[in-house]
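Number of protein chains: 2
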Amino acid sequence: MCVPSPLQGISYLLFLSSEHLNFMKAPKKDFAYPAGYSELIKAAGLAEHSSVRGCMIIKPYGFALWENMKAILDKAFKQKGHVNAYFPLLIPTSYLSKEASHIQGFAKECAVVTHYRVAYDAKSETIVPDVDAKLQEPLVIRPTSETIIWQSYKNWINSYRDLPLRINQWANVVRWEMRPRLFLRTAEILWQEGHTAHASAEEAEQEALGMLEVYADFMEKTLAIPVVKGKKTLHERFSGAETTYTLEALMQDGKALQAGTSHFLGQNFAKAFEVKFTNQKGVMNYVWGTSWGLTTRLIGAMVMMHSDEKGLLLPPKIAPIQVVIIPIPAREEASSKLIAAEANLLCEALAKRGIRAKIDDRDSYRPGWKFAEYELQGIPLRAVIGLKEVMGKEVTLVRRDSGERVVQGVDDFLDSVDARLDEIQGALYQRALGFRKRQTVYVDDYATFKQVMKTQRGFVMAHWDGTTETEQKINQDTQATIRCIPLNGPEENGKCIYSGRPSGQRVLFAQAY
Amino acid sequence: MCVPSPLQGISYLLFLSSEHLNFMKAPKKDFAYPAGYSELIKAAGLAEHSSVRGCMIIKPYGFALWENMKAILDKAFKQKGHVNAYFPLLIPTSYLSKEASHIQGFAKECAVVTHYRVAYDAKSETIVPDVDAKLQEPLVIRPTSETIIWQSYKNWINSYRDLPLRINQWANVVRWEMRPRLFLRTAEILWQEGHTAHASAEEAEQEALGMLEVYADFMEKTLAIPVVKGKKTLHERFSGAETTYTLEALMQDGKALQAGTSHFLGQNFAKAFEVKFTNQKGVMNYVWGTSWGLTTRLIGAMVMMHSDEKGLLLPPKIAPIQVVIIPIPAREEASSKLIAAEANLLCEALAKRGIRAKIDDRDSYRPGWKFAEYELQGIPLRAVIGLKEVMGKEVTLVRRDSGERVVQGVDDFLDSVDARLDEIQGALYQRALGFRKRQTVYVDDYATFKQVMKTQRGFVMAHWDGTTETEQKINQDTQATIRCIPLNGPEENGKCIYSGRPSGQRVLFAQAY
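Top to bottom, those sequences are chains F and B.
The first sequence begins at 345 in the working numbering and counts up one residue at a time.
The second sequence begins at 345 in the working numbering and counts up one residue at a time.
Next comes chain F alone, as it looks inside the complex (with noise of 0.2 Å):
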């Protein structure tokens, strides 16, 4: 038996939810994103809710999603010169305090720890928490971990031979979320995050920056998610941020998605934290840092980019399957066992050239089942084999993406499936620019504005004043939201379409998840 992928035989478990079987007998559409969002991410096997309000359960072919997002990305930030390393998920509530904007934004939804055991309630025939082990001082559930690294960093680093020091860390925080979705927002998050230390503004910058592009680079050529490149507004900006880069993406309902961020820290955390270093001159200063993350959104994003009525649709580079090769059993028991040893026979070629194949051999599905439950997790690319393919020595294989179906010879289709699979995550990033494209306008009046917003949305390129105040009103107008001040953006004098000032760069605008 052909073991490539590590999915391998365990086709059951993408099944594990009456969502699948509702999926496989009711109208698509109703699972369709984005109305269906949820209902395909379950259907397809992704993840569940679990019963914490916001907590999810990632099952077995999403993990194998973020698996693939982790190996890639961790070889990215080895190579930029990064390790690793992992700090603890307690946090004393003192340190949330010390760098002062810090905990005026995000932090404060936290969950807290004020005991350290639990005891049998007789009275109410529950557990609650021991009265004889209360915390002396609560510790919160880290929801992000520039503090508790911050406050190592002062142990480590005294000179400029200390730096540059880069760290990232692979690990689950969290924020508690009154709406969860499974996916884009939820309690529980698992994420990495950079933490790096410099010995000047300057090579920070840089090192924020060059993670943006790593970021980008990750997102268009892996996950085949076009993105714009820009700044935030002070208004949207990381608490504790000089500022805050941003990847944004445009989903197919006309929303945004941010995809992720990389931050300049400026000396704000060096100040709260006391991190300072010597310089070869034999001067102190406080040290830059910058912080960057990516998290299991991603995986949210790219069914809201790629998904169709069919269900999923995963750029082959991600794909935990990359070919799904079906067997077409004939009449004769003999026919039969020819074609699942010529299937066995590609699936074990494949492998052998680094692809992810799995082989479907379950006689208690009929292939057209089969063909519906691939095409609902997006396996990029089916194999079919039956007794004609045998005997023709060939393969019948139907594209996830565009449908086309094509017979080729079994040689021929082992010799090209690595350019055929380029090809299918070329057109998906195609298919992607090319609706960004026709979803983005330039607005240079605010009527028109509010009307896009109301209607198509998208993104909508226009002018704005610089100030938080008219950022703020045009929010509470239409729900839009500056996404970005792009980089490298043209120069271009206009008026801002609120308020009519003048403006030096359009900006970013949609509505966002």
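For the record, the hints were derived by calculation from the structure and aren't laboratory data.
Some clues are possibly wrong.
Because identical chains share one entry, a pair is satisfied inside a single copy or across any pair of copies.
Claimed, not checked - Derived PhoX-like pairs (lysine-lysine); straight-line CA-CA distance at most 20 Å:
1. K424 - K620
2. K565 - K661
3. K442 - K498
4. K714 - K654
5. K620 - K442
6. K575 - K798
7. K661 - K625
8. K565 - K732
Being a predicted model, the structure only gives us computed values, none of them experimental.
Given the coordinates of chain F, assemble chain B onto it according to the supplied hints.
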């Protein structure tokens, strides 16, 4: 510049502790295991304490060890047909009470989350739990995930077709620790936990034993730590298990360390969480379960097993850096350049062969200092290149384990480096095995038993009457516990060393970590 190891170029990170400098200056015996265990961990840059009691910071060098362990184990799990998934960090307290013996066991020492927001208290000028954000039901941070995972299995398992279900999770867990020790006893632990469900008791038993074999193989072949496979006694077994299988290793100070456990859960969790399946005949029954786990404690085990007065001694299969290349500068600058170029060529050639190699070309430290540093860090092999070596197309090699020094032709070295590392790996294992053999005694009377536990300790094979009462009495007298009832131990009629009652097999006693 050669960049074969993920740690290339960041050696400074390893030394960010005052313990390191103390080690370099102080008599080495102050740092030697066992008395200097924590100092050695810190001096070598593996980990340090955080300000949250019991939580440690795993530094890049220590985390690189964990990454290597993960990669090898993850591959082994997947080859056995397991897949990874992710379940929530937070567990409702009500789940804990479902499996009665589970909560009566270790699970009480939990971190309890009672609030979901913090607030600034102007009076005390501190951050406090927000009284308006109290959770209706408190949550605990998972001490282990049986309860939340079996809650899902209830929804995922209906029929024999859904079985076996084999899921593994890489996660952090929290168990409050009153006497924390780096890697050995920490409040937050990184680990993997496998949770499987089966259609028959036999298959579940096989799974539990099969994973014990995977673990034993990993301990012996990768970490070079010999282990005794056995069953825990009723008193020592996991709360909620029918049988707990264990691997017991003997550390250099004569104390035992439990390296990993694998539990046959019977139908206990299935009954607690109502997880039933219909078999091929249409009959419903509860499923049978297993769980098994390994933790970052293994890093502590490796330190205790292999360290000597020079510092760590890492088995090549797990060492983040397998070969360190140290160029010895010559008097003439031209010669030094030549030496540096040869060192780089050597590093590249090693990398091409898949060896994790690193050059230390810092000019701020003398070779002798560097030798001592890499000995402290336990790098298996040191390759020194000076002018003499360049002229002779040679390299001077020093083994960390034996101190053996040989001069070898560069090409010969490259051709034999794999074999040489295997030799070191084998020598470490044999040394540990020899130690264990010498420190394992067969004892037949209680006076001798007590004497052994007072003096050299080690493993003691002795007869026991099978009662918890005797087990506890022996423990009170000698601090020794029954580490396990060895699997496949020879049947032998004897008398319990404590009670004199009959016994059919010797069991393994030791004082333990």
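>> Under the constraints set out in the numbered hints, which ones does this structure not fulfil?
In response: 1, 6, 7, 8
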